[in-house]
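Top line first, the protein sequences correspond to chains A and B.
Numbered according to our numbering, the first sequence spans residues 26 to 403.
Numbered according to our numbering, the second sequence spans residues 26 to 403.
Among the clues, some could well be false.
Copies of the same chain look alike in the list, so a pair counts if it works inside one copy or between any two.
[Unchecked claim] With a straight-line cut-off of 20 angstroms between C-alpha atoms, the simulated SDA-like cross-links for lysine to any residue are:
(1) K170 <-> G158
(2) K170 <-> S223
(3) K170 <-> L150
(4) K335 <-> Y224
(5) K307 <-> S175
(6) K170 <-> E345
Just so you know, these hints were derived from the structure itself, not from any lab.
The structure presented is a predicted model; accordingly, all values stated were derived computationally and were not measured.
If you want the building blocks of each chain, they are given just below.
2 protein chains.
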Amino acid sequence: MSVDLQGTGPRTPGTATRGESVPTVPPASPAASETAVDVTELLERGRTLATPVLRAAVDRLAPPMDTVAAYHFGWIDAAGNPADGDGGKAVRPALAVLSAQAAGAAPEVGVPGAVAVELVHNFSLLHDDLMDGDEQRRHRDTVWKVHGPSQAILVGDALFALAYEVLLETGSVEAGRAARRLTTATRALIDGQAQDISYEHRERVTVAECLEMEGNKTGALLACACSIGAVLGGADDRTADALEKYGYRLGLAFQAVDDLLGIWGDPDATGKQTWSDLRQRKKSLPVVAALAAGGPASERLGRLLAEDAKSSDFENFSEEEFAARAALIEEAGGRDWTAEEARRQHTTAIEALDEIRMPGEVRDQLVALADFVVVRKR
Amino acid sequence: MSVDLQGTGPRTPGTATRGESVPTVPPASPAASETAVDVTELLERGRTLATPVLRAAVDRLAPPMDTVAAYHFGWIDAAGNPADGDGGKAVRPALAVLSAQAAGAAPEVGVPGAVAVELVHNFSLLHDDLMDGDEQRRHRDTVWKVHGPSQAILVGDALFALAYEVLLETGSVEAGRAARRLTTATRALIDGQAQDISYEHRERVTVAECLEMEGNKTGALLACACSIGAVLGGADDRTADALEKYGYRLGLAFQAVDDLLGIWGDPDATGKQTWSDLRQRKKSLPVVAALAAGGPASERLGRLLAEDAKSSDFENFSEEEFAARAALIEEAGGRDWTAEEARRQHTTAIEALDEIRMPGEVRDQLVALADFVVVRKR
Numbered sequence: 026m027s028v029d030l031q032g033t034g035p036r037t038p039g040t041a042t043r044g045e046s047v048p049t050v051p052p053a054s055p056a057a058s059e060t061a062v063d064v065t066e067l068l069e070r071g072r073t074l075a076t077p078v079l080r081a082a083v084d085r086l087a088p089p090m091d092t093v094a095a096y097h098f099g100w101i102d103a104a105g106n107p108a109d110g111d112g113g114k115a116v117r118p119a120l121a122v123l124s125a126q127a128a129g130a131a132p133e134v135g136v137p138g139a140v141a142v143e144l145v146h147n148f149s150l151l152h153d154d155l156m157d158g159d160e161q162r163r164h165r166d167t168v169w170k171v172h173g174p175s176q177a178i179l180v181g182d183a184l185f186a187l188a189y190e191v192l193l194e195t196g197s198v199e200a201g202r203a204a205r206r207l208t209t210a211t212r213a214l215i216d217g218q219a220q221d222i223s224y225e226h227r228e229r230v231t232v233a234e235c236l237e238m239e240g241n242k243t244g245a246l247l248a249c250a251c252s253i254g255a256v257l258g259g260a261d262d263r264t265a266d267a268l269e270k271y272g273y274r275l276g277l278a279f280q281a282v283d284d285l286l287g288i289w290g291d292p293d294a295t296g297k298q299t300w301s302d303l304r305q306r307k308k309s310l311p312v313v314a315a316l317a318a319g320g321p322a323s324e325r326l327g328r329l330l331a332e333d334a335k336s337s338d339f340e341n342f343s344e345e346e347f348a349a350r351a352a353l354i355e356e357a358g359g360r361d362w363t364a365e366e367a368r369r370q371h372t373t374a375i376e377a378l379d380e381i382r383m384p385g386e387v388r389d390q391l392v393a394l395a396d397f398v399v400v401r402k403r
Numbered sequence: 026m027s028v029d030l031q032g033t034g035p036r037t038p039g040t041a042t043r044g045e046s047v048p049t050v051p052p053a054s055p056a057a058s059e060t061a062v063d064v065t066e067l068l069e070r071g072r073t074l075a076t077p078v079l080r081a082a083v084d085r086l087a088p089p090m091d092t093v094a095a096y097h098f099g100w101i102d103a104a105g106n107p108a109d110g111d112g113g114k115a116v117r118p119a120l121a122v123l124s125a126q127a128a129g130a131a132p133e134v135g136v137p138g139a140v141a142v143e144l145v146h147n148f149s150l151l152h153d154d155l156m157d158g159d160e161q162r163r164h165r166d167t168v169w170k171v172h173g174p175s176q177a178i179l180v181g182d183a184l185f186a187l188a189y190e191v192l193l194e195t196g197s198v199e200a201g202r203a204a205r206r207l208t209t210a211t212r213a214l215i216d217g218q219a220q221d222i223s224y225e226h227r228e229r230v231t232v233a234e235c236l237e238m239e240g241n242k243t244g245a246l247l248a249c250a251c252s253i254g255a256v257l258g259g260a261d262d263r264t265a266d267a268l269e270k271y272g273y274r275l276g277l278a279f280q281a282v283d284d285l286l287g288i289w290g291d292p293d294a295t296g297k298q299t300w301s302d303l304r305q306r307k308k309s310l311p312v313v314a315a316l317a318a319g320g321p322a323s324e325r326l327g328r329l330l331a332e333d334a335k336s337s338d339f340e341n342f343s344e345e346e347f348a349a350r351a352a353l354i355e356e357a358g359g360r361d362w363t364a365e366e367a368r369r370q371h372t373t374a375i376e377a378l379d380e381i382r383m384p385g386e387v388r389d390q391l392v393a394l395a396d397f398v399v400v401r402k403r
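So that you can see chain A by itself, here it is in the shape it has in the complex (with noise of 0.2 angstroms):
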């Protein structure tokens, strides 16, 4: 299956700046920049309520999978002892509190949603390292390369039926609701690990079939957090259906973003190795809507990773050589249309957020958040 969709391709190619060693996204839309939102202040908010409950969640756990489980959020090191780990950048979290606020509910309503999202999102990452063969995550070693594979299938089991009892325990009619949608966002999920998994034998990957694999393994659970506070806050499913939107749209927009970060991120900032998605041959946006784009420098691409996927030599490539597939990516428009990707995604977010009324501090901070998801560096 090899059907591109010349149609969403890149439309500006070839006019990329070169030599940018960060992502060019758009600065924070007019809407937000007017407020003063504290978008740190927000995420430590997010994590401070949901941290706890999470721990305590975790802590149900019999051993040891309480202790794998502790080491997987980087509670505690491989030896057991404390840490401090990287807990990522808890934007899912922030967003199921506000969710709660948007309803005109208090934050603390949405959180066993944000902990249900969380500990869901933290079982896929265990199963997909597992299946990617993934051997880091967070600069740390994974669980299946620590504990071994049982233990990533068991706890990853175990904190996905966590979830679940963390939301339904309430026994509320707006539990059983948020349980529903969890329940649609994680098969979601485990339809895009599907797909991601499918297209890795494939030499081509259409931009749709990207867009649609990116919104089932990040929107979708983005969705949810977005739409999960205001169910356990009692919204009814108009408002629920646009947060949900407002999340999905944010996803891709968060995905285009991190798919430009994997090729030309700052390695300082997101702690991965310089063109990352490159060296693991990810058919990432910017990769596909190269190839999408036709014309001398993508039909140039399109023959040189060909080439790659048959060389032996693949894995001691130079520094120059990803850097000269960077710059035909680049030079093909693959760059610049997933940085208007991420425009458009966070500009349709952001307009979903106009079919529903809501406290206008909380549209707000939806907007800073919606806007510092396409400027991170990280």
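Once you have looked at the hints, place chain B on chain A.
Chain B alone, transformed into the frame defined by chain A:
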């Protein structure tokens, strides 16, 4: 850790009848033998009601997960051709459907519960087979063996998510309550697998530990099957709890019989090798009970199994060598104790039914299913 519970060990060591090829478990209880319940028909009805809904749910999975799941359920063979595989005894669907009737609802009301429980059961089989390295199930190669470890993980995850989707999509308050009970059962199932894995690496397991593990791995989900239909039918917590108790005890009886069949079962009936559990060095109930019994046979068995654990020649052991170990287990009282344990759990299961009111006909059918579970030969 090697604390044996003498008090819960075999009560009548050395009195087992040797040379029988089937376990000694009591005849059907008087209550059921007085009525004329056709258990085969009951099982068939559960299967007939649940299978179409189960197949429709599995059909929702994105390729290739739908195919992998269909292979697992025995609906197609490894080449993708339609097959009519052994779908198991279908005790759980029959119980879930009866459970709805116990609450005065129509059998159909229990179907989403029956399907959800089957999906959770099969998620655990997919993952457990991979973790345990089991290459065969129901006379066929396991999923990880045919489709690879990633598909076993992924499709297991998908069935897990599908279980909650099927249950919650009705959107009823009862579905939320049912999902909550399913969560408890799923968490216990995972705890049981964690215990099973950790016991593999230990020389000694107590009878209490073995019972706890079997309660988690078999009892909890059977408990859920027995209550989920009633919950969907609007039963109160007291009714659901009593049905859970019946199911949990029934699960322990079921597992005790399974453990007897795992050593002394007729290979033609079970489809397993002779002395199957001994070949796999399983620390099943007859073994741990025999080791806990004390006395000359128990001590000889302990020394022999300790030697076996170090033996490099274990895989080439003859029929006679396994038969000698089985005879020692029997002489130490492990076989009798396990048969008695099945009887005890069977009795307490039926006693739990007396705690609540239900139509007499439904009660007779639940009793008949309990009888079936302890007298079955496969």
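Q: Could you tell me which of the numbered hints above are not met by this structure, giving the numbers in increasing order?
A: Violated hint (a single one): 6; every other hint is consistent with the structure.
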